[in-house]
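Asker: Sequence:
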Amino acid sequence: MAASKACSSSAATNFKVFRGTFVHSTQEEALVILEDALLGVDSTGKISFVEKGPELEKVSAKFGFNPSAVTQLSPQEFFMPGLVDTHIHAAQYSFAGTALDLPLLDWLQTYTFPVESRYSDLEFARQVYTHVVKRTLRNGTTTACYFATIHTDASLLLGEIANDFGQRALVGKVCMDRNGLHEHYKEETQESLDETSRCGNTFYIININITHFSRYPLVKPVVTPRFSVSCTSELMLKLAEVARNNNLHIQSHISENMDEVRLVQELFPESESYTDVYRKHNLLTSKTIMAHGCYLSDEELQIFHQTGSSLAHCPNSNLSLCSGLLDVRKVLSHKVKLGLGTDVAGGYSPSMLDAVRRTRDTSKALKIQDPVHQTLTWEETFRLATLGGSQGIPPQPKPSFRAFWS
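Sequential numbering of the sequence shown, starting at 1, is according to my numbering.
These aren't lab readings, by the way, just hints derived from the structure by calculation. Take the hints with a grain of salt, since some may be wrong.
Lysine-lysine pairs mimicking DSS-like chemistry, simulated, CA-CA at most 25 Å apart [as the list claims (entries may be wrong)]:
1. Lys335 with Lys280
2. Lys46 with Lys134
3. Lys330 with Lys367
4. Lys335 with Lys367
5. Lys46 with Lys58
6. Lys62 with Lys16
7. Lys58 with Lys16
8. Lys62 with Lys52
9. Lys330 with Lys364
10. Lys52 with Lys16
11. Lys62 with Lys46
12. Lys335 with Lys364
13. Lys16 with Lys46
Label pairs and their in silico Cβ distance ranges [as the list claims (entries may be wrong)]:
14. Glu299 with Glu55: 47 to 57 Å
15. Lys16 with Glu188: 43 to 53 Å
16. Arg215 with Ala365: 39 to 49 Å
17. Asp298 with Glu266: 42 to 52 Å
18. Glu266 with Lys16: 52 to 62 Å
19. Glu379 with Asn247: 33 to 43 Å
Backbone N, C-alpha and C fix where the C-beta goes; we use that ideal spot for every residue, glycine too.
Model the full assembly from the supplied sequences, consistent with the hints where possible.
Answerer: Okay, structure coming up:
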């Protein structure tokens with residue numbers, strides 16, 4: 001909740017000022033409660049100041065607003081940062097809460113890929129994507145990192161819907177050119193690359209002055225190789241190049257399920273670990289978000305720390321599909337950035353508050369297994385759902401043109 005230090009008198013008249021209780025997190029303190037505080041927001045939506053409530057007259061004179069225009073919160077109300085869902089499959093929302101009777105790889109083949117194949121139908125896509133964006137917003141998710149499907153037009157539609165409803169989002173057109181799990185749901189390598197570029201071209205439009213602007217200001221594209229099981233080395237290397245040349249985020253999955261980990265070892269025998277596969281393909285950067293990570297070794301977590309890559313902890317999905325238990329304490333001890341994700345529909349709930357609860361449940365289960373384990377506090381899980389997620393999805397500079405528009 002950092003505030004800018006100065007404001008112009010012309011902007012002051014556009015302030016919205018609130019008085020009441022505000023809560024947020026910092027790196028040093030999991031939960032900070034500001035009681036009877038003043039918070040000023042300028043016309044761009046940026047917090048301009050946070051001051052003490054009893055100093056209203058002094059603050060109003062300093063910043064040039066009318067004290068009578070202050071919005072007073074009731075004793076039962078408080079402001080908090082928006083929740084950040086660092087991993088959610090928007091396309092899977094249509095069957096959320098069902099189909100949780102199989103382990104990951106069988107679940108993908110039996111339920112997920114057949115449903116995702118339907119998103120060539122834009123009317124179907126519009127219905128589902130409208131529902132998921134509205135539902136996550138109602139649940140307090142102001143920022144979401146979405147997986148869509150391999151269908152570019154439907155992925156762009158998801159970006160349009162999120163932007164229109166006022167949700168900040170990263171939207172990824174899924175890329176997969178190798179998939180023994182469901183042969184009919186995949187792309188050719190060049191097709192996947194071309195469609196990724198088309199997606200970026202549509203999100204960012206070039207005007208006659210050879211500058212660019214975002215068609216959807218709240219939405220950014222994210223390079224999305226589904227996971228190394230469904231992507232060839234050629235595709236992963238070229239997607240990494242697209243991300244590097246355009247300064248884009250990357251999202252994928254890692255070490256979710258033991259069968260998956262063993263399959264990756266078979267597919268990439270030259271790599272030392274699952275993490276090493278992504279490192280060798282240049283997909284681990286400071287803008288990378290990898291979901292799950294239940295079975296990462298200390299050495300792999302050190303690579304995450306060195307590259308600045310982040311993890312999305314998805315406890316509901318990990319429990320629902322019996323995939324594994326992520327030791328959050330271990331991840332944080334390696335100084336790896338960590339946020340929370342709902343992972344719909346492997347996770348049955350689109351609520352980030354549920355992700356907070358399941359994070360605590362997972363920590364308690366680890367405590368049962370090892371009495372020495374220190375259970376996460378609810379304050380710490382609150383920080384993961386807000387500040388933690390925001391560190392994995394920081395504000396992003398505008399991309400260059402070398403890949404998308406060459």
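Asker: Does each hint hold? Answer for all of them.
Answerer: Going through the hints against the structure:
| no. | hint | verdict |
| --- | --- | --- |
| 1 | Lys335 with Lys280 | 22 Å, holds |
| 2 | Lys46 with Lys134 | 24 Å, holds |
| 3 | Lys330 with Lys367 | 13 Å, holds |
| 4 | Lys335 with Lys367 | 21 Å, holds |
| 5 | Lys46 with Lys58 | 21 Å, holds |
| 6 | Lys62 with Lys16 | 15 Å, holds |
| 7 | Lys58 with Lys16 | 17 Å, holds |
| 8 | Lys62 with Lys52 | 13 Å, holds |
| 9 | Lys330 with Lys364 | 14 Å, holds |
| 10 | Lys52 with Lys16 | 16 Å, holds |
| 11 | Lys62 with Lys46 | 18 Å, holds |
| 12 | Lys335 with Lys364 | 22 Å, holds |
| 13 | Lys16 with Lys46 | 10 Å, holds |
| 14 | Glu299 with Glu55: 47 to 57 Å | 52 Å, holds |
| 15 | Lys16 with Glu188: 43 to 53 Å | 51 Å, holds |
| 16 | Arg215 with Ala365: 39 to 49 Å | 44 Å, holds |
| 17 | Asp298 with Glu266: 42 to 52 Å | 23 Å, violated |
| 18 | Glu266 with Lys16: 52 to 62 Å | 57 Å, holds |
| 19 | Glu379 with Asn247: 33 to 43 Å | 34 Å, holds |
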